[in-house]
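Peer 1: Residue-level listing of the chains:
There are 2 protein chains.
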Amino acid sequence: MDFKKYYEDRQKLVNTFLEKRTSRKGISKVDEAMEYSLLAGGKRIRPIILMATVDAVGGNGYDYLSLACGIEMIHTYSLIHDDLPCMDDDDYRRGRLTNHKVYGEAMALLAGDALLTLAFEVMLEQKNVAPTVLIDSVREVAMCAGNFGMVGGQVLDLESEGKTITPDELRTLHAGKTGALFIASVRCGAYMGGASDDQLLALTKYADLLGLAFQITDDILDVTGTTEELGKPVHSDEKNDKSTYVSLYTLEGAEKLAEKTVAEALECLDMFGEKAEPLREITKMLTTRKK
Amino acid sequence: MDFKKYYEDRQKLVNTFLEKRTSRKGISKVDEAMEYSLLAGGKRIRPIILMATVDAVGGNGYDYLSLACGIEMIHTYSLIHDDLPCMDDDDYRRGRLTNHKVYGEAMALLAGDALLTLAFEVMLEQKNVAPTVLIDSVREVAMCAGNFGMVGGQVLDLESEGKTITPDELRTLHAGKTGALFIASVRCGAYMGGASDDQLLALTKYADLLGLAFQITDDILDVTGTTEELGKPVHSDEKNDKSTYVSLYTLEGAEKLAEKTVAEALECLDMFGEKAEPLREITKMLTTRKK
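Protein chains in written order, with numbering that gives the first Met the number 0: chain A, 0 to 290; chain B, 0 to 290.
If you are wondering where the hints come from, they were derived from the structure by calculation, not from laboratory data. A quick note: this is a predicted structure, and the numbers were derived from the prediction, not measured. A couple of the hints might just be wrong.
[Claimed, not checked] Below 20 Å or equal to it, Euclidean Cα-Cα: the simulated EDC-like pairs (lysine to aspartate or glutamate) are: (1) A:K28 x B:E160; (2) B:K274 x B:E263; (3) A:K28 x B:E168.
[Stated by the list, open to error] Across the chosen pairs, the derived CB separations fall in these ranges: (4) B:D90 x A:G57: 54 to 60 Å; (5) B:E160 x A:D197: 53 to 59 Å; (6) A:R23 x B:D1: 41 to 47 Å; (7) B:K126 x A:N59: 29 to 35 Å; (8) A:G57 x B:P166: 54 to 60 Å; (9) A:M0 x B:G161: 57 to 63 Å; (10) A:K19 x B:P166: 31 to 37 Å; (11) A:T131 x B:D8: 27 to 33 Å; (12) B:E273 x A:L200: 53 to 59 Å; (13) A:V132 x B:D90: 54 to 60 Å; (14) A:G193 x B:R93: 16 to 22 Å; (15) B:G224 x A:A129: 50 to 56 Å; (16) B:E160 x A:R95: 23 to 29 Å; (17) A:N127 x B:Y91: 46 to 52 Å.
[As the list claims (entries may be wrong)] Sample of chain B residues with no beta-carbon within 10 Å of chain A, all distances over it, derived: (18) D1; (19) F2; (20) Q10; (21) D30; (22) G40; (23) H80; (24) L96; (25) T131; (26) R138; (27) F147; (28) D167; (29) G193; (30) R279.
Heads up, the beta-carbon is just placed ideally off N, CA and C, and yes, glycines get one too.
Between the sequences and the hints, there should be enough to build the whole structure, so can you do that?
Peer 2: And the structure:
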């Protein structure tokens, strides 16, 4: 398959949807701050994973842009809040000034809040699905994004600063912080595509392992990679003296663990044959990427 | 009717629901920060308005606690974020230290995020309603809470600091900041109770006027009232030199406007007869309150 085309086609669809959906203006200038971060040209990994999962179970990923783009909005809000001075205090994101550096802290806070809120509005606009399935799916996204998932993981991350944590604790932290939205994307894709119970189980395991492999790769790149633009690691977790897969397992150990995790993730896709080819390619893309 | 009992019964129901629903613990200490603000004993105005609206159209408000309490969670998150140093920078709320004074800014930010997220999870758990009606209702709550409503109004509020704005601009600001969640509560109650189109229209107008009357009262109390505990106004908007109904209309003018608005709000309830008695009492309670 022509994976590059597959990915770029969907990236364009996502971008077009997001541009169109934010062209309806609210009552204040917060719209501009929301768009600044939302339309900053991210990789759109999560919505594309959702669509590729629908494809894997025999549906048509194209039909679920509302749900997919809602998850992207949740991801974007989390980046805006993560960059705030009281959190990571970052000045740059993807080579551009962070939201609060452009619009001020109060506006960035509210832009994040508004994006999280809009995410639910947009997800609940999803057509081509039975209403009860949509309710259950969006509820699951909420669970994955909140104190049981992403936000919970961010708090564990905060609390781990300056401490050495155990491999199990690191796993729980990242399962929340990064993994939960991957799981939400994959499971929603599975629901939309009408996956069987067996398929749902395999895909959930796949998403969990993909999130783990993604994070280990991130930790490895923080040591070995540099950004082209700024000459410093994109993520600057190490400045806070946090435990990483490299600090707990050594660089070589982390590389082996990544390789093993990717292999296990790909195994979960075996039952889907040809149709899971996009998910396989996404897996490789995310775990062999460069900073 | 024994309104005191009516209100207190529902307040207890809301508190019990919120306590029970937050007893399921997430993966981090953010749960404690969420509970600190959520279980701080607020008046629970919005959920009780929702339930009273269901009653007004002949349903049973008791049956819609999930939806009602989700809206209370949205209200609570907005208070936590509003109190942050980059916003109003308040140390006290309802006579207790604000969330960030107890848990720190990062935790308070994330507690707000998690409450907003949990709100949607909880609302989507609502039973006793057709799935399509629930989807439309929760989507409408999102619209009222985001850049078209509450968050939009908060941004207009930020931007009005140090400026004199027109009465129309003040109306738009508060229609978003305070009115939108009142409208969400009332309209959701109307949907849950199976209101007719005429009833929905009258109730929406009622909610809009109630929000306006509530805000004018608030502005009047900022001038005439003091808190028992701290000897200073609870809201400290005037410290930022913002336009208020008192600054734009004079104290006497604001009092007249409040009276006229309350009368118009109550008129909207005429068609509901006896059954709207709780809504009438709530209207009086909110517009004759003391600081």
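Peer 1: Indicate whether the distance between the beta carbons of M0 of chain A and G161 of chain B respects the range 57 to 63 Å.
Peer 2: Taking Cβ atoms as reference, M0 of chain A and G161 of chain B lie about 59 Å apart, which means the hint holds.
Peer 1: Beyond 10 Å from every Cβ of chain A: is that where the Cβ of L96 of chain B lies?
Peer 2: holds (17 Å)
Peer 1: Just tell me: holds or violated, for the beta carbon distance of E273 of chain B and L200 of chain A against 53 to 59 Å?
Peer 2: Since E273 of chain B and L200 of chain A have Cβ atoms about 54 Å apart, the given range 53 to 59 Å holds.
Peer 1: Verify the CB-CB distance for G224 of chain B and A129 of chain A against the hinted window 50 to 56 Å.
Peer 2: holds (52 Å)
Peer 1: Taking 10 Å as the cut and beta carbons as the points, is F147 of chain B off the interface with chain A?
Peer 2: Violated: least Cβ distance 4 Å, not greater than 10 Å.
Peer 1: Taking the closest pair, is the beta carbon of R279 of chain B still more than 10 Å from chain A?
Peer 2: holds (30 Å)
Peer 1: Does the claim that T131 of chain B lies off the interface hold, with its Cβ farther than 10 Å from every Cβ of chain A?
Peer 2: violated (5 Å)
Peer 1: Take a quick look at G193 of chain B and tell me if its Cβ sits farther than 10 Å from every Cβ on chain A, holds or violated.
Peer 2: Check passes; 17 Å lies beyond 10 Å.
Peer 1: Against chain A, does D30 of chain B keep a CB gap of more than 10 Å to every residue?
Peer 2: violated (6 Å)
Peer 1: If we take the beta carbon of H80 of chain B, is the closest beta carbon in chain A still more than 10 Å away?
Peer 2: Check fails; 6 Å does not lie beyond 10 Å.
Peer 1: Since G40 of chain B was said not to touch the interface, does its Cβ keep a gap of more than 10 Å from each Cβ of chain A?
Peer 2: holds (21 Å)
Peer 1: Could you check the hint for me, namely that E160 of chain B and D197 of chain A are 53 to 59 Å apart, CB to CB?
Peer 2: holds (58 Å)
Hint compliance for this structure: hints 13, 14, 21, 23, 25, 26, 27 are not met, and every other hint is.
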